[in-house]
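Q: With chain A fixed as given, assemble chain B onto it according to the hints.
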Amino acid sequence: MNSMIYTILQAMFASMIAGGLAIALLRKYSRYIGLIDKPGKRKVHQQPVPVVGGIAIITGTIAGLLTTHHANLLLQTLPALAGGCLLLFVTGVSDDRFNIKPRYRLLLQLGCAALVAASGIRITSLFGVLGIDEMNTIGQYILTIVVITGVTNAFNLIDGIDGLAGGLAIINLSLLAVLSYWLQQYVLFVLLITTCGAVFIFLRSNVHPARIFMGDGGSLVLGFLMAVAGILLVKEEQLYVRREDARALVLVPAMLALPVFDSLRVYAGRLLRGGSPFQADKTHLHHLFLGLGFTHRKATMTICGIQVLLILIAMLVFRMMDFQWTMVLMASAYLLICSFLKGYISLQKWTQTIRKMEGVN
Amino acid sequence: MSRKKRIAIIGTAGIPARYGGFETLAEQLVRQLGDKYAITVYCPGPKYTKEERKTSFQSARLKYLPLQANGLQSIPYDSLSILHALFSADVLLVLGVAGAWLLPFVKLFTRKKIIVSIDGIEWKRAKWNRLAKCYLWWAEKMAVKYSHADISDNESIQDYTAVRYTSLSHIIEYGADHTVQVTPTAKDKEEYPFLHKPYAFKVCRIEPENNIHLVLEAFATMPGYTLVMIGNWKNSEYGSSLYLQYSGYNNIILMDPVYDQRKLDVIRGNAYLYVHGHSAGGTNPSLVEAMYLGLPVLAFDVSYNRTTTEGKACYFKTAADIAAIIGNTRLAVLRENGFRMKEIAHRRYTWEVVARKYDELVQRVLNNKGKIPVTPSVATIPAEQLISYELAHLQAPTPFYEKR
Numbered sequence: 014m015n016s017m018i019y020t021i022l023q024a025m026f027a028s029m030i031a032g033g034l035a036i037a038l039l040r041k042y043s044r045y046i047g048l049i050d051k052p053g054k055r056k057v058h059q060q061p062v063p064v065v066g067g068i069a070i071i072t073g074t075i076a077g078l079l080t081t082h083h084a085n086l087l088l089q090t091l092p093a094l095a096g097g098c099l100l101l102f103v104t105g106v107s108d109d110r111f112n113i114k115p116r117y118r119l120l121l122q123l124g125c126a127a128l129v130a131a132s133g134i135r136i137t138s139l140f141g142v143l144g145i146d147e148m149n150t151i152g153q154y155i156l157t158i159v160v161i162t163g164v165t166n167a168f169n170l171i172d173g174i175d176g177l178a179g180g181l182a183i184i185n186l187s188l189l190a191v192l193s194y195w196l197q198q199y200v201l202f203v204l205l206i207t208t209c210g211a212v213f214i215f216l217r218s219n220v221h222p223a224r225i226f227m228g229d230g231g232s233l234v235l236g237f238l239m240a241v242a243g244i245l246l247v248k249e250e251q252l253y254v255r256r257e258d259a260r261a262l263v264l265v266p267a268m269l270a271l272p273v274f275d276s277l278r279v280y281a282g283r284l285l286r287g288g289s290p291f292q293a294d295k296t297h298l299h300h301l302f303l304g305l306g307f308t309h310r311k312a313t314m315t316i317c318g319i320q321v322l323l324i325l326i327a328m329l330v331f332r333m334m335d336f337q338w339t340m341v342l343m344a345s346a347y348l349l350i351c352s353f354l355k356g357y358i359s360l361q362k363w364t365q366t367i368r369k370m371e372g373v374n
Numbered sequence: 082m083s084r085k086k087r088i089a090i091i092g093t094a095g096i097p098a099r100y101g102g103f104e105t106l107a108e109q110l111v112r113q114l115g116d117k118y119a120i121t122v123y124c125p126g127p128k129y130t131k132e133e134r135k136t137s138f139q140s141a142r143l144k145y146l147p148l149q150a151n152g153l154q155s156i157p158y159d160s161l162s163i164l165h166a167l168f169s170a171d172v173l174l175v176l177g178v179a180g181a182w183l184l185p186f187v188k189l190f191t192r193k194k195i196i197v198s199i200d201g202i203e204w205k206r207a208k209w210n211r212l213a214k215c216y217l218w219w220a221e222k223m224a225v226k227y228s229h230a231d232i233s234d235n236e237s238i239q240d241y242t243a244v245r246y247t248s249l250s251h252i253i254e255y256g257a258d259h260t261v262q263v264t265p266t267a268k269d270k271e272e273y274p275f276l277h278k279p280y281a282f283k284v285c286r287i288e289p290e291n292n293i294h295l296v297l298e299a300f301a302t303m304p305g306y307t308l309v310m311i312g313n314w315k316n317s318e319y320g321s322s323l324y325l326q327y328s329g330y331n332n333i334i335l336m337d338p339v340y341d342q343r344k345l346d347v348i349r350g351n352a353y354l355y356v357h358g359h360s361a362g363g364t365n366p367s368l369v370e371a372m373y374l375g376l377p378v379l380a381f382d383v384s385y386n387r388t389t390t391e392g393k394a395c396y397f398k399t400a401a402d403i404a405a406i407i408g409n410t411r412l413a414v415l416r417e418n419g420f421r422m423k424e425i426a427h428r429r430y431t432w433e434v435v436a437r438k439y440d441e442l443v444q445r446v447l448n449n450k451g452k453i454p455v456t457p458s459v460a461t462i463p464a465e466q467l468i469s470y471e472l473a474h475l476q477a478p479t480p481f482y483e484k485r
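Sequence lines, in order, name chains A and B. The working numbering puts the first residue of the first sequence at 14, with every later residue one more than the last. The working numbering puts the first residue of the second sequence at 82, with every later residue one more than the last.
FYI, nobody ran anything at the bench for these hints, they're computed from the structure. All C-beta atoms in this analysis are idealised placements derived from N, C-alpha and C, irrespective of residue type, glycine included. Please note: incorrect hints may appear among the correct ones.
[Claimed, not checked] Below, a list of computed lysine-lysine pairs in the DSSO-like style, where the Cα atoms sit at most 30 Å apart:
no. : chain 1 : residue 1 : chain 2 : residue 2
1   : B       : K315      : A       : K369
2   : A       : K311      : A       : K56
3   : B       : K86       : B       : K438
4   : B       : K226      : A       : K295
5   : B       : K128      : B       : K393
6   : A       : K369      : B       : K452
7   : A       : K362      : B       : K222
8   : B       : K484      : B       : K222
9   : B       : K131      : A       : K362
10  : B       : K398      : A       : K369
11  : B       : K452      : A       : K362
12  : B       : K188      : A       : K355
13  : B       : K208      : A       : K311
14  : B       : K208      : B       : K398
15  : A       : K362      : B       : K315
16  : B       : K344      : B       : K131
17  : A       : K295      : B       : K222
18  : B       : K450      : B       : K398
19  : A       : K369      : B       : K205
20  : B       : K131      : A       : K369
21  : B       : K208      : A       : K355
22  : A       : K362      : B       : K344
23  : A       : K295      : B       : K205
24  : A       : K355      : B       : K452
25  : A       : K362      : B       : K128
26  : B       : K85       : A       : K369
27  : B       : K86       : A       : K369
28  : B       : K226      : A       : K355
[Stated by the list, open to error] Calculated from the model, a selection of chain A residues having no Cβ within reach of chain B, i.e. all distances over 12 Å:
no. : residue
29  : N85
30  : F111
31  : I113
32  : D294
33  : S352
34  : G356
[As the list claims (entries may be wrong)] Just a sample of chain B residues kept apart from chain A, beta carbon distances all over 12 Å, derived:
no. : residue
35  : L217
36  : S237
37  : S384
Just chain A, with the same shape it has in the complex:
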């Protein structure tokens, strides 16, 4: 136990310092590297901002792992996770710099997900959703790859306003860390804590007004990490813990619910409107809050608040209902919040229209 505390402190310390240094350095030279996000039509920010957060987070994490010798352990026990993260990191940074075609990026994501699935980390059961429990191998592969890719992309999409991706990442990573400690997955635990430290340092420069962004390099890696860690923990838990006492089973979907439901809702909306699901528009949850006049800070805090609320609701409800209905309830709660927001925005627009109509005709 003592050595564990020592390890964590060492890792976090190292990751924060390394991360901080990386941020300071990279901010200065980001222009020469070409990693700058210029404001554009569908962007929310007004000034060009260096997109170096991802590099900083990874650098910090690696530094933390190296100083505690956990890097070796990680490469030995979870090679697919480490390899996938690094590969996605390179992909993401390349996309930030050179704008890779979306299909290549998707291919690489699928590849990383396949790598993880092949290494044994798979979703093996649907735990009663739609009446399905254990699945056959092909099903496991397909589902795992789809889920990992989906979550990675969902997290990438939710990186839309200052502090949001970082905030959600900290909430999720710390919760995953607690779960991994509880399930005695110490290698994963140290990895998650270290990453938390690095994200924390990043957040200090990312809250509104943001001085750096995490870019695809950051969000893809974090999303991937959360997805794989989650799947691994649920699988481990299934071996040792009874369904009724399960915690990872309900908490992992709960913490991933918000980004995933949001992307699904946005895709569905775009399809319903007759366009492609990948065309850009401003219908994400954070856009809805901005449309209501929320500031970046308020919107980020509110969305993180909703995230915590969903997790709490899931914990509470799971005592009373089974897994399937817990999921249904959370989806409904999320959709309710969104309709309320959209309704209020529409209401505000109509108030303006009526005010005009009421002035002397």
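A: Same frame as chain A, now just chain B:
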């Protein structure tokens, strides 16, 4: 004709009417249409004591619910009334949109007819919080979309529903002939000493939307002109602070609500000017009542008031406007204004006219006519055909709600 068609009136605070436009409307409909239809009116139990709860009023049946008709309880109040009425009425006349969430189900599963009266544009009012506004805004949509006919009490509101829902609302206003021109007796003059001299008058709920602060501000600068204002001052922070601020002035007389119709008519009918500050809510019963009594009107300049007074009254936007108009208008001009108001009210705002409109609407709804669309049928004729008939100018008709 076998038995009379049954109408249920839902959403009022009970009859006999004590307070409020919907209640007076319900009472008058019972008086006027009670012979032709079998009417049931739903009332809030808590508002009446055991002795006061009659089972019928004139020819109408009264049903009591153990809920308040206003505020948050209006949702279950309206909903339960609708559910009960589904079993005992042919046409449901729902006043207010609190129970509108039930209407899609009613339209889908039953063959009862629904007429909804949207009471002004409720969701816009500052007195509601965000959650209430969202609910009312959605409920209004449900009410208009899933009713067989909807009623606006003002043309400006008809414009709004035309733009938002592309369907035509029926305009039915309020009657005012239940008010009586009362000559004050000596006893009245004793009770209300201001009856001896000319005074301007205003009666309304004390809310910021009724621009009471503007009127009080204006009269505070005109010590030579008296103002008598009746309202529920103590009910709100806004009211009590205004009361404290202005009750000290000699020419401003602030009174608590007067529920006796005769007393109200004495005070109101003998004013030389009626000031109407409402900025929301369509056709206001207090305004049409003042018009009926032949009072000259000085109203807040908003589309609803202009429509109600047919543009023939005096209008103000600021406190300075009030002072300017009152100070500079000759009494003769005001009197003429009053005659014009009286003419309008006697033509449009009598319960006979209103009840006849309701009667026609009920008949229309019972005969299954759908809602009238806002775009004229000319719009469906293809352009080439119009051109071939030399009627190309009908291609893009201006909708009625676009005022130039």
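Q: Each of the hints needs a verdict: does it hold here or not?
A: Evaluated hints:
{"no.": "1", "hint": "B:K315 / A:K369", "in the structure": "violated, 33 Å"}
{"no.": "2", "hint": "A:K311 / A:K56", "in the structure": "holds, 19 Å"}
{"no.": "3", "hint": "B:K86 / B:K438", "in the structure": "holds, 16 Å"}
{"no.": "4", "hint": "B:K226 / A:K295", "in the structure": "holds, 28 Å"}
{"no.": "5", "hint": "B:K128 / B:K393", "in the structure": "violated, 39 Å"}
{"no.": "6", "hint": "A:K369 / B:K452", "in the structure": "holds, 26 Å"}
{"no.": "7", "hint": "A:K362 / B:K222", "in the structure": "holds, 15 Å"}
{"no.": "8", "hint": "B:K484 / B:K222", "in the structure": "holds, 24 Å"}
{"no.": "9", "hint": "B:K131 / A:K362", "in the structure": "violated, 47 Å"}
{"no.": "10", "hint": "B:K398 / A:K369", "in the structure": "holds, 15 Å"}
{"no.": "11", "hint": "B:K452 / A:K362", "in the structure": "holds, 26 Å"}
{"no.": "12", "hint": "B:K188 / A:K355", "in the structure": "holds, 26 Å"}
{"no.": "13", "hint": "B:K208 / A:K311", "in the structure": "holds, 25 Å"}
{"no.": "14", "hint": "B:K208 / B:K398", "in the structure": "holds, 22 Å"}
{"no.": "15", "hint": "A:K362 / B:K315", "in the structure": "violated, 34 Å"}
{"no.": "16", "hint": "B:K344 / B:K131", "in the structure": "holds, 27 Å"}
{"no.": "17", "hint": "A:K295 / B:K222", "in the structure": "holds, 25 Å"}
{"no.": "18", "hint": "B:K450 / B:K398", "in the structure": "violated, 42 Å"}
{"no.": "19", "hint": "A:K369 / B:K205", "in the structure": "holds, 13 Å"}
{"no.": "20", "hint": "B:K131 / A:K369", "in the structure": "violated, 49 Å"}
{"no.": "21", "hint": "B:K208 / A:K355", "in the structure": "holds, 21 Å"}
{"no.": "22", "hint": "A:K362 / B:K344", "in the structure": "violated, 44 Å"}
{"no.": "23", "hint": "A:K295 / B:K205", "in the structure": "holds, 26 Å"}
{"no.": "24", "hint": "A:K355 / B:K452", "in the structure": "holds, 28 Å"}
{"no.": "25", "hint": "A:K362 / B:K128", "in the structure": "violated, 38 Å"}
{"no.": "26", "hint": "B:K85 / A:K369", "in the structure": "violated, 45 Å"}
{"no.": "27", "hint": "B:K86 / A:K369", "in the structure": "violated, 42 Å"}
{"no.": "28", "hint": "B:K226 / A:K355", "in the structure": "holds, 19 Å"}
{"no.": "29", "hint": "N85", "in the structure": "holds, 55 Å"}
{"no.": "30", "hint": "F111", "in the structure": "holds, 45 Å"}
{"no.": "31", "hint": "I113", "in the structure": "holds, 42 Å"}
{"no.": "32", "hint": "D294", "in the structure": "holds, 23 Å"}
{"no.": "33", "hint": "S352", "in the structure": "violated, 9 Å"}
{"no.": "34", "hint": "G356", "in the structure": "violated, 5 Å"}
{"no.": "35", "hint": "L217", "in the structure": "violated, 9 Å"}
{"no.": "36", "hint": "S237", "in the structure": "violated, 7 Å"}
{"no.": "37", "hint": "S384", "in the structure": "violated, 5 Å"}
In this structure, the hints that do not hold are numbers 1, 5, 9, 15, 18, 20, 22, 25, 26, 27, 33, 34, 35, 36, 37, in rising order.
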